[in-house]
Structures are given as C-alpha cells and as structure tokens.
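One line per chain: the protein sequences are E and S, in this order. Under the numbering used here, read the first sequence as residues 1 to 112, first letter to last. Under the numbering used here, read the second sequence as residues 1 to 882, first letter to last.
Be a bit skeptical, because a hint or two may be false.
With a straight-line cut-off of 25 Å between C-alpha atoms, the simulated PhoX-like cross-links for lysine-lysine are [said to hold, decoys possible]:
#1 S:K245 / S:K231
#2 S:K242 / S:K231
#3 S:K17 / E:K80
#4 S:K64 / E:K80
#5 S:K245 / S:K550
#6 S:K316 / S:K158
By construction, these hints were calculated from the structure, which means they are not laboratory data.
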Amino acid sequence: MVYKSDVWQGTLALMVLNTLKSMGPLHGYGIARRIEQTSGGKLEINYGTLYPSLLRLEQEGYIAGSWGASENNRRARFYKLTVAGRKQLEKETREWNATTEIVARFLAPEES
Amino acid sequence: MRMLQGWLARLLGMFRKDDLGQQVAEEMQSHIEMEIADRVRGGQDEETARREVLMRFHGVDATKERYREQGGVPAIEHFVQDVRYALRAFRKEPSFALTATAVLTLGFIASLTIFALVDAALIKPLPYRDPNHLMFVSSSVEGIGRANISYLDFVDWKKQNKVFSDFDIYRGSGYLLANDRGTELVRGADVSAGFFRTLGVRAALGRDFYDGEDAPQAAPVVMLTHAAWLKRFGGRPDVIGKTIKLDGIDRVIVGVLPGEFHFAPRGGAEFWAPFQPLPTDPCAIRRSCHNLDGVARLKDGVTQQAALADLNLITKQLGDLYPTSNRDRSGNVLPLSEAIVGDLRSILLIMLGGSVLLLVIGCVNVASLLLVRSEGRKREIAVRVALGASPRRLLRQFIAEGVVLAGAASALALAGTHWSLLLIARLVPERVARNMPFLNEVGLSKHVLAASAGLLVAGVVIFSVIPLVRVRLNEMQEGLKQGINASAGRTWRRFAGNLVVLELAITIMLLVGAGLLSQSFYKLLHVDLGFDPEGLVTIGNIVLPDTDYKKPEQVMAVRKRILDAVQQLPGVKSAALTSKMPVDGNGNTTWIRVMGHEYHGEHNEANFRDVSASYFPTLRGRLLKGRFLTEAEDIGMAQVTVINQAFVNKYMPGEDPIGKKIGQPGRGSEVVKEVIGVVEDIRESSLEDHTWPTIYTTDADSTPSLLVRTEMAPESVIPILASTIRDVNPGIGTSDYQTMPERINSSQSAYVHRSSAALVSGFAGTALVLSLVGLYGVIAYSVGRRTREIGIRMALGARRANIYRLVMTEAGWLVCLGLITGVLGAAATSRMVRTLLFGVGSWDARTFAGVIGLLCVTALAASYFPARRAATIDPMNVLRAE
Chain E
1 MVYKSDVWQG TLALMVLNTL KSMGPLHGYG IARRIEQTSG GKLEINYGTL YPSLLRLEQE
61 GYIAGSWGAS ENNRRARFYK LTVAGRKQLE KETREWNATT EIVARFLAPE ES
Chain S
1 MRMLQGWLAR LLGMFRKDDL GQQVAEEMQS HIEMEIADRV RGGQDEETAR REVLMRFHGV
61 DATKERYREQ GGVPAIEHFV QDVRYALRAF RKEPSFALTA TAVLTLGFIA SLTIFALVDA
121 ALIKPLPYRD PNHLMFVSSS VEGIGRANIS YLDFVDWKKQ NKVFSDFDIY RGSGYLLAND
181 RGTELVRGAD VSAGFFRTLG VRAALGRDFY DGEDAPQAAP VVMLTHAAWL KRFGGRPDVI
241 GKTIKLDGID RVIVGVLPGE FHFAPRGGAE FWAPFQPLPT DPCAIRRSCH NLDGVARLKD
301 GVTQQAALAD LNLITKQLGD LYPTSNRDRS GNVLPLSEAI VGDLRSILLI MLGGSVLLLV
361 IGCVNVASLL LVRSEGRKRE IAVRVALGAS PRRLLRQFIA EGVVLAGAAS ALALAGTHWS
421 LLLIARLVPE RVARNMPFLN EVGLSKHVLA ASAGLLVAGV VIFSVIPLVR VRLNEMQEGL
481 KQGINASAGR TWRRFAGNLV VLELAITIML LVGAGLLSQS FYKLLHVDLG FDPEGLVTIG
541 NIVLPDTDYK KPEQVMAVRK RILDAVQQLP GVKSAALTSK MPVDGNGNTT WIRVMGHEYH
601 GEHNEANFRD VSASYFPTLR GRLLKGRFLT EAEDIGMAQV TVINQAFVNK YMPGEDPIGK
661 KIGQPGRGSE VVKEVIGVVE DIRESSLEDH TWPTIYTTDA DSTPSLLVRT EMAPESVIPI
721 LASTIRDVNP GIGTSDYQTM PERINSSQSA YVHRSSAALV SGFAGTALVL SLVGLYGVIA
781 YSVGRRTREI GIRMALGARR ANIYRLVMTE AGWLVCLGLI TGVLGAAATS RMVRTLLFGV
841 GSWDARTFAG VIGLLCVTAL AASYFPARRA ATIDPMNVLR AE
C-alpha cells in the first residue's frame with residue numbers, strides 16, 4: 001500500500017515536471033488534462049493528490065507558482081519549471097530509463 | 001539538499017497556514033470552474049459536470065487537509081496544540097502545576113549541583129598535556145604510609161628508572177617579600193627544572209625553566225602564576241627580565257604561567273622557583289631528609305603497576321646500599337588525578353548518591369500528584385476516547401504535559417544550579433578552596449547540560465507513562481459508564497501506597513546517613529585534644545629572614561625576643577613556639593631508637609616537635625611523669641626531651657622512660673637526648689587521626705608557629721600581635737592568624753565532616769518533609785474515596801475510635817513496610833559512608849532507633865489529620881449526598 005503510493009507519487013512528479021517542460025507554464029487543471037491526454041486516456045489523475053504534489057515540488061524549488069489569467073480569462077495559478085526542476089527532470093529521466101531497462105532485461109524472453 | 005529546502009519551506013509554512021489554505025481553496029475553485037466550463041462546452045449538463053469533477057477530488061475538504069499537512073509539519077503542529085492544551089489545563093489547577101514544578105525543580109537542582117561538582121572534580125581532565133599518563137610519585141614507609149622522598153633518592157630514581165619519560169619533583173615553599181607595609185609572607189613552590197615540561201604546561205609569557213637552572217650555582221630565577229602577575233604587577237607584559245627580591249635574594253622573572261594553570265598539591269603558590277640543592281641546605285644533601293614529592297610521565301605502554309615495580313626494585317638496591325637511611329622504604333605511584341582528588345572522591349560520590357535519592361523522592365511525589373490528578377480526569381479522558389481520540393493521541397497529550405512540567409523544572413533548575421554553585425564557591429573557606437582548584441571551574445559545563453537533558457527526558461517518560469498506565473483504555477470506557485462517583489481507585493491506592501513505601505524507605509536511608517554523619521561530626525569536635533583550645537590565639541607561620549639570622553644562636557635569640565615581647569603584652573598569660581601547630585597533622589617525623597634496646601637499624605619514626613619550654617604550660621598539657629622543659633633548657637640543641645604517652649606505649653612499654661636516652665640515627669652524627677618527662681598525648685594529629693609517638697625538644701627552627709594564651713577576647717589580640725612582631729624586626733614575615741577554636745573548626749577534617757553532615761542532613765530533612773506529604777496525600781485521598789463507606793459504617797454503629805483505627809491501620813501498614821525496607825536498605829548502604837564516619841559504627845543502633853522513632857512519630861502525625869477528618873464525618877450528610 002505504502003509502496004504503491006510512493007511509486008505513484010514519484011511518477012506523478014516526473015510526469016508533472018515533464019509536462020511543464022514540454023508545454024511551458026500551466027495551471028493544475030491543465031497539467032492533469034495534459035497528462036491524461038498523453039497517457040491516451042489510460043491514466044486518471046486523482047486531484048486529491050495532485051495539489052499536495054504540486055505544493056511539495058514548489059517547496060523543493062523545482063517549480064514556481066504564480067497567479068495569472070487562463071485562456072478564458074479566469075484567475076488561475078500557473079506553474080513553471082525552474083532551473084533546478086529542469087536538472088531534476090533530466091536526472092530522474094535518466095534514472096527512470098536505467099531502471100526500466102534493467103527490469104525489461106529481466107522480463108525479456110530468453111533468446112534461443 | 002532539496003529535501004532540506006523542502007522541510008524548511010514546510011517549517012516556515014506553519015506560520016502562514018491561513019495563506020496556504022486560502023490559496024489552495026482559490027486554486028481548486030478555479031480548477032473546478034474551468035473543468036465544468038469545459039465539460040459543459042462538451043455537452044454535459046452543469047449539474048452532472050459539477051458532481052463528477054468534485055468526485056475526482058475525492059473530497060474537497062480532505063484534499064484541503066492533505067494540502068495543509070504538506071504545507072506544514074503536522075507532528076510539530078499537533079505537539080504545539082497539545083502543549084497549549086496542557087498549559088490551559090495547568091492554568092486551571094495552578095496549585096498542582098506549581099507544587100509539581102517546585103518539587104521537581106528542587107530535586108533537579110540538588111542533583112545537578114552535586115553532579116557539577118563531581119564533573120569538575122572527577123570527570124574533567126586536569127589542565128595538563130595527556131593527564132592520564134601523569135603519575136604522582138612518592139615513597140611509602142612501613143607503618144606510616146605515604147611519605148616524601150629525599151633529593152638524593154630522587155636523583156637515583158630519575159637516573160635508574162626505565163618507566164618514566166619525564167620525572168620531576170616539587171615542594172612547597174614560602175618567601176618573605178618586602179612591601180610598603182613591611183614584610184609579607186607569600187606562598188611559593190620549588191620545582192626541578194623540567195617540572196612544567198613534564199606537566200605539559202607552557203608559559204603564557206616568557207619561558208619556563210631551562211635545564212640546569214636548578215643547579216646549585218645557577219643564577220636565581222622565578223616564574224609567576226597568572227594571578228600573582230595580575231595582583232603584583234598589574235598584568236604588565238614587561239615584567240619578564242625584571243628582578244624581584246624574595247627572601248632577600250634577587251630573582252629574575254623569566255615567565256608567567258597561564259591563567260588556567262593550577263596544581264592542587266601546592267594550591268595558592270604564587271612564585272615558582274627552581275629547586276636548587278645548595279650545599280648549605282642540610283636537607284638537600286642528606287638522604288634521610290625527605291621533603292619532596294614527585295610528578296612523572298609514564299612511557300607509552302607502561303602501567304602504574306609496572307612503574308611501581310621498577311621503582312621498588314631501585315629502592316631495594318638503595319636500601320642495601322644505604323641501610324641507615326633507606327631501610328623499609330618502598331615506592332608509591334598513583335595517578336596524579338587521584339592524588340589530587342583524594343578523599344574528595346568518596347565524599348562527592350556519597351553526596352551524588354544522596355541527591356539522586358532525593359530526586360527519586362521528588363519524582364515519586366510528583367508522580368503521585370499526577371496519579372491523583374489522572375484519577376480526577378478519568379471522565380474527561382473517557383469523553384475524549386468516546387469522541388474518537390486514539391490511544392496514541394492520548395499518549396501524545398500526556399507527553400506534552402510531561403514536557404511542560406519537566407521542561408519548566410529543568411529550565412528553572414539550570415538557573416538554580418548556577419546560583420547554588422556560585423554560593424558553594426563563596427562558602428568554601430580559602431584555605432580549603434586552594435586545595436580544590438576545580439571550584440574555580442565548576443559551572444554549567446557540557447556534561448551538566450547533558451545531565452539536565454537526561455533528567456528532562458527521564459521526567460517526560462515518567463510523567464507520560466504514569467497516567468497512561470493508570471488510565472488504561474478499557475478503564476476509560478468504564479469511566480464513562482460509571483461516572484465520577486465510582487468507587488474505583490483500589491488499584492491506584494495500592495500503587496500509590498507502594499510509592500509511599502519507597503519514599504519512606506529512602507527517607508530512612510537518608511536519615512540514617514545524616515544521623516551517622518552528624519554524630520561523627522559531633523564526636524570529631526569533641527575529641528580529646530590533650531590541651532585547652534579556649535583562649536589560645538595562634539600565628540600559623542612566622543618566617544625569620546635568614547639574611548639577618550644565619551647562625552642557630554641568632555635564631556634562638558630572636559625567638560626569645562619574640563616570646564618576651566609577646567608575653568609583655570597586656571592580657572597575655574604565656575606564649576610558646578612550636579615547629580608544627582597542634583591539630584595540624586602528624587608528620588615532620590624523625591627516625592629514632594631507644595638507647596640500650598637491641599637495635600639492628602629498624603625504621604622507627606616519631607613526630608619531631610621543636611618547641612619552646614613554655615609550650616606545655618601554654619597549652620595546659622598534662623604531665624604524667626618527670627618534668628617539663630625549663631627555660632634554662634630553652635637553648636638550641638638541648639640534650640633533653642619530653643615524650644608523649646604514645647611514644648612510651650609503642651617504643652618503651654612497661655619501662656620507666658625517665659632518664660632513658662633516645663637517639664636519632666637518621667641524622668649525620670647521631671644526636672642522643674635524655675627523656676626528662678612524659679605528657680599525656682597532645683593532639684598533634686588531625687582530629688580524626690590518632691597522635692603518633694612524638695618527641696618534644698628545643699631546636700633552632702627558623703619557621704616556627706606561635707601560640708598565645710590570653711585572658712582578653714582572642715580577636716582583639718591579633719592586631720597587637722602583628723605589630724609586636726613587626727617591632728622586633730620588620731623583616732619577619734607572618735601569616736595565618738587564627739584563634740585555636742577557629743583553627744580546629746576550619747581544619748580540613750572538620751570541614752569535610754561538617755559539610756557532608758550538613759548536606760546529607762539537608763537532603764534527609766527535605767526527603768522527610770516530602771515523604772510525609774506523600775503519606776498524608778495517600779491517606780487523605782483514601783479517606784476521601786471512602787467517605788461513603790465510613791458514613792455507612794458510622795450509621796451502622798461504628799464509633800469514632802473504630803474509624804480512627806480503620807484509617808490509622810492503613811497508614812500503619814504503609815509506615816511499617818517503609819520502615820522495614822528502609823532499615824534493610826540503610827543497613828546495606830550505610831557501609832558506604834564508613835570512610836566518613838568517626839567514632840561511630842555504620843550500624844550504630846542508637847542512630848537507627850532514633851530514626852525509626854522520628855519517622856514513627858512524624859508519620860503518625862501526618863496520618864492523624866486525615867483520620868480525624870474521617871472520624872468527624874457526619875453519616876447523615878454522606879447518606880443524603882448519595
């Protein structure tokens with residue numbers, strides 16, 4: 001239980017950072033929608049964990065939030081990637097790739 | 001790093017909770033509105049859209065809560081809440097909070113103060129380089145114990161030993177220093193040239209002694225302590241190279257010692273000079289004259305035992321080579337720290353034990369207060385449990401209360417300890433304090449702070465565990481069902497009863513200790529002195545300048561002039577000189593033999609006292625046989641001697657000593673003196689020791705002590721004495737003016753016994769009060785709980801006497817159990833204080849009986865009041881209240 005949510009939280013952060021990198025500044029709703037789109041509708045973000053996650057990333061200095069106007073002229077809080085966040089994203093991407101590669105090797109069918 | 005930043009942000013976030021809450025509320029609101037708008041545009045109706053969006057938040061309020069938790073540090077916030085709650089609860093019951101804090105604070109202060117002393121004296125390393133390798137080296141003589149070493153023996157030890165990397169000697173000295181008021185006697189020390197390098201002490205200014213500066217022909221130099229430099233030279237840096245006249249000799253100041261330097265064996269010494277074994281110094285060239293102690297540094301890997309074995313081997317060879325002076329001697333090697341702390345170790349540890357016992361009693365009292373309180377809170381807690389408080393939450397609440405109580409107590413205790421240490425440092429008389437240099441360094445050291453933190457943690461644990469034990473979960477629900485009026489509390493009564501038994505037992509142990517120590521002190525002060533101390537005024541040190549008095553005849557002449565001048569003074573009945581003040585301690589011994597006895601060079605020692613003929617009449621000593629010295633014999637090197645009873649008992653039992661001859665074979669040419677009288681033992685030893693065999697004769701000692709018997713108020717004679725001696729010769733130095741009773745009272749042994757008796761009595765008194773309060777509390781509580789039962793009993797015909805008996809029996813059980821445990825405990829532990837006892841056994845029946853009696857009477861009184869309250873209960877009121 002704890003293990004699952006940990007992994008999920010870590011992955012969610014990675015997805016948030018990557019989304020902000022490719023899309024530029026976004027508000028929470030935009031981030032959630034973008035992640036769901038990218039996953040091809042296979043993921044459904046729990047908003048209840050999204051916002052605490054965003055706060056945590058902000059506390060750690062990877063993203064910075066500020067109030068602005070949305071496309072429909074609504075007041076919304078926009079998040080953008082910081083320099084530290086960019087570095088962290090690179091680092092986590094590298095680690096993620098390494099991990100998946102190792103796991104993939106284990107799961108790959110034996111070559112005959 | 002980023003983690004740290006995150007936590008920092010969370011910590012700061014605690015202070016802007018409201019901002020964060022508002023921010024997330026707005027943010028979520030805008031999210032919800034945006035998504036609804038999108039969905040409506042996509043064809044959903046608004047209501048469905050709103051419901052679905054809100055569902056994806058999994059509870060808006062829960063999300064906000066999670067957000068807030070991420071925004072701060074929940075553990076800290078809850079704790080702050082709990083502390084606030086505890087403070088509020090304590091404010092409602094200020095008497096409980098104040099009593100608990102006060103009792104705890106007192107307990108903490110007592111133990112922290114003693115611990116600070118223990119830390120400074122026993123734990124803190126000496127201010128020397130690598131102090132664990134430093135050894136105190138002296139010799140040991142059969143039947144006497146620790147003894148000084150002679151210069152020639154030192155030279156041989158230093159040359160031949162294979163165990164020390166450095167080896168040096170020191171001895172105390174005093175100097176006559178001319179000042180504007182005449183002549184001052186200052187404390188000094190003579191050391192061999194390498195002394196400070198052996199200790200690893202560097203001069204703060206200038207240098208220490210070069211090798212060879214302790215040779216007889218070397219130019220005289222001197223080092224100053226930091227204190228002497230400030231006092232006498234105003235801390236001027238240009239003193240180096242200046243000369244100072246000490247004992248009429250110009251000495252060049254070569255260095256100033258650092259401020260933190262101290263050397264307790266010669267505490268208070270201001271001037272440190274090289275020990276130069278001059279050929280004119282009869283002691284330096286005589287192997288049988290022992291006046292030095294050694295300090296040595298062990299080579300790496302050499303143990304204390306190995307060093308002692310090596311010294312003993314050399315000493316044995318010396319004994320074969322020089323049988324007349326070195327027979328029956330062996331080496332003595334102790335860690336320097338042990339030699340310095342000495343007896344103080346056992347005293348301090350006993351004090352520490354006493355203070356810890358007191359602390360335990362204090363904690364027990366506070367714990368039982370908490371128990372009473374938690375009893376009263378059963379309903380409150382039951383309600384909180386019913387409302388969903390988890391056991392963890394309740395434990396957190398109790399911990400917060402413990403933190404508040406113990407935290408307040410330890411903060412107050414640190415301040416209190418600081419003050420009590422200042423007070424102690426001020427109360428110790430100077431002559432005692434200079435042997436305890438650690439008193440200057442005692443304070444709130446790191447160790448003391450750590451100890452107080454330990455007490456804090458222990459306090460918190462005790463205070464949070466006790467209510468939890470009491471208020472077990474199942475009982476919490478019961479409490480709700482039964483309401484406050486339930487007749488529960490039997491378990492508690494049993495538990496609190498056990499605590500009271502513990503308190504009483506500890507109190508008995510402390511009381512027995514206090515009783516034994518007080519009796520020892522009383523006996524010590526009433527020990528038979530063999531002389532009459534009342535009306536005696538004394539000058540501890542008189543130093544005749546050897547520039548003026550080179551020959552023995554000159555010394556004898558000026559000694560006589562001093563005595564005559566003093567005896568002329570109004571109100572003075574007689575005056576006498578001695579080489580060592582009575583009660584000052586055994587020592588200054590000489591090697592003797594009784595002529596005519598078979599003699600094979602055995603080592604027989606006796607105190608040697610150079611006295612004026614007026615010594616015995618002035619002290620009012622009691623003559624047993626023969627006669628005293630006469631004034632005609634009061635010339636140097638008289639051929640007659642008076643001996644004490646101890647001498648007769650040890651060396652000439654069953655003989656008539658009058659007319660026998662006593663020789664001193666240790667001296668170069670043996671001096672033989674005829675015994676003309678025997679006196680009852682005059683206490684030449686310290687109060688707790690026994691007086692060794694002593695021979696009294698007249699000699700030409702140039703550093704005598706003066707005793708004056710006067711009919712006037714002794715205090716009024718002191719200033720006249722000083723000026724009288726100055727009139728004889730302004731170059732004579734004097735110091736240490738005291739009346740004899742003062743001298744006895746402030747002697748090291750009286751001081752040690754007085755302070756230990758006073759401290760332990762203080763502990764015991766406090767313990768007695770606390771445990772009686774504890775007993776009273778338990779009985780009163782029990783009576784309170786049993787009001788209904790007692791009322792019914794009385795309604796059914798029980799009489800007052802029966803009710804008294806009911807209550808007193810309960811108290812009696814507790815007291816009996818406490819007495820038995822305490823007496824057993826005291827019997828087991830009083831052996832530990834036996835090193836401090838004098839004239840009383842550790843199982844002294846009278847003390848035990850007295851303590852038991854005292855406790856019974858006071859405990860009876862403490863339980864009488866609740867019993868009376870029980871007996872005056874009006875049964876009608878009780879029954880009506882039901």
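Evaluation of the provided hints:
1. Between S:K245 and S:K231 the alpha-carbon distance is near 16 Å, which keeps this suggested pair within the 25 Å criterion.
2. For the suggested pair S:K242 and S:K231, the alpha carbons sit about 16 Å apart, so the restraint of at most 25 Å is met.
3. Pair hint S:K17 plus E:K80 holds up; C-alpha atoms about 23 Å apart against a cutoff of 25 Å.
4. For the suggested pair S:K64 and E:K80, the alpha carbons sit about 22 Å apart, so the restraint of at most 25 Å is met.
5. For the hint linking S:K245 to S:K550, the alpha-carbon distance of about 18 Å falls within 25 Å, and the restraint holds.
6. Proposed proximity of S:K316 and S:K158 is supported: the alpha carbons are some 15 Å apart, at most 25 Å.
Every hint from the earlier list agrees with this structure, and none is contradicted.
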